[in-house]
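Chemist: Next come the chains, spelled out residue by residue.
There are 2 protein chains.
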Amino acid sequence: MSAPAIGNILETILYVDDMARARAFYENVMGLEAGINDQFMTAYRVGNTMLLLFKRGSRLEDQEMPNGDLIPPLDGAGPVHFAFAAAQQDMEAWRAHLEGHGVAIVSTVRWERSGTSSLYFRDPDGHVVELAAPGLWGIG
Amino acid sequence: MSAPAIGNILETILYVDDMARARAFYENVMGLEAGINDQFMTAYRVGNTMLLLFKRGSRLEDQEMPNGDLIPPLDGAGPVHFAFAAAQQDMEAWRAHLEGHGVAIVSTVRWERSGTSSLYFRDPDGHVVELAAPGLWGIG
Chain V
1 MSAPAIGNIL
11 ETILYVDDMA
21 RARAFYENVM
31 GLEAGINDQF
41 MTAYRVGNTM
51 LLLFKRGSRL
61 EDQEMPNGDL
71 IPPLDGAGPV
81 HFAFAAAQQD
91 MEAWRAHLEG
101 HGVAIVSTVR
111 WERSGTSSLY
121 FRDPDGHVVE
131 LAAPGLWGIG
Chain G
141 MSAPAIGNIL
151 ETILYVDDMA
161 RARAFYENVM
171 GLEAGINDQF
181 MTAYRVGNTM
191 LLLFKRGSRL
201 EDQEMPNGDL
211 IPPLDGAGPV
221 HFAFAAAQQD
231 MEAWRAHLEG
241 HGVAIVSTVR
251 WERSGTSSLY
261 FRDPDGHVVE
271 LAAPGLWGIG
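From first to last, the protein sequence lines stand for chains V and G. Residue numbers 1 to 140, in my numbering, belong to the letters of the first sequence in order. Residue numbers 141 to 280, in my numbering, belong to the letters of the second sequence in order.
These are computed hints drawn from the structure, not numbers from a lab. Every residue, glycine too, gets a C-beta built ideally from N, C-alpha and C. A portion of the hints provided could be inaccurate.
[Said to hold, decoys possible] Computed spacing ranges between beta-carbons, pair by pair: (1) G/Gly240 x V/Glu99: 50 to 56 Å; (2) G/Gly175 x V/Asp18: 33 to 39 Å; (3) G/Ala244 x V/Asn28: 37 to 43 Å; (4) G/Glu252 x V/Gly57: 25 to 31 Å.
[Said to hold, decoys possible] Only some residues are given here: those of chain G computed to face chain V with a beta carbon under 7 Å: (5) Gly171; (6) Asn188; (7) Thr189; (8) Leu200; (9) Val220; (10) Ile245.
[To be verified] Footprint (simulated), chain V over chain G, 3 or more residues, beta carbon under 8 Å: (11) 144-158; (12) 173-187; (13) 229-243.
From just these sequences and the hints, can you work out the full model?
Modeler: Here it is as structure tokens:
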């Protein structure tokens with residue numbers, strides 16, 4: 001039996017220790033706009049995907065919805081690595097933007113197979129964020 | 141200074157203890173097809189996004205590329221939560237498919253705000269996987 005179809009990865013979750021600090025980074029530095037949010041979660045639409053910040057330790061138990069359905073424990077640890085897509089021609093603008101906000105570029109990697117490059121830096125919780133051109137993976 | 145544009149979240153990483161076990165799940169159960177892979181990483185294209193499995197403990201040090209560039213340490217911990225997009229009309233087919241592979245559905249959540257539902261289950265490393273309709277986040 002073959003699996004039904006899957007679309008994109010829809011949600012990527014980062015666990016953060018200080019929601020205000022994390023929001024300042026993802027909104028003021030990365031330029032994301034908060035959607036649904038409370039003290040435990042902030043949701044950002046990122047193209048056709050979602051970045052969710054979860055306060056670490058807030059998802060250790062089932063969460064009961066008004067209709068009685070249960071969201072299972074979703075807590076996690078970290079740090080983790082993830083990447084945002086950015087256009088190759090914007091990489092130097094991103095470098096200047098990040099450095100202008102005092103964000104150190106940990107590394108720049110030029111990928112032979114795609115001719116693109118990636119910038120790596122850390123968010124306030126130590127997650128290693130990458131800005132990568134989709135062409136790295138043959139995504140147009 | 142406003143930030144340059146961001147596209148989708150391009151890469152989401154899961155840290156796994158047993159690459160063969162994790163691959164069996166993501167390929168045989170979830171139906172993904174492996175791209176670039178070695179003993180430390182398996183890359184899956186998922187729509188216009190990438191799921192990368194990293195062997196836990198294999199990314200503790202810089203990795204030097206043939207051109208001398210350094211990929212920084214990318215190791216992480218877990219488990220984490222993430223979601224694949226799936227069509228709402230495929231959710232019951234997904235439930236049958238997963239149960240047919242012996243994967244227990246941890247919870248089913250019906251979302252009032254979107255009228256969609258999500259299935260939650262665990263992968264072999266304890267990551268909580270969700271199948272969610274993009275309409276949950278207003279993504280068409």
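Chemist: Taking the earlier hints as the rules, which of them does this structure contradict?
Modeler: Hint check: 8 and 10 fail, others pass.
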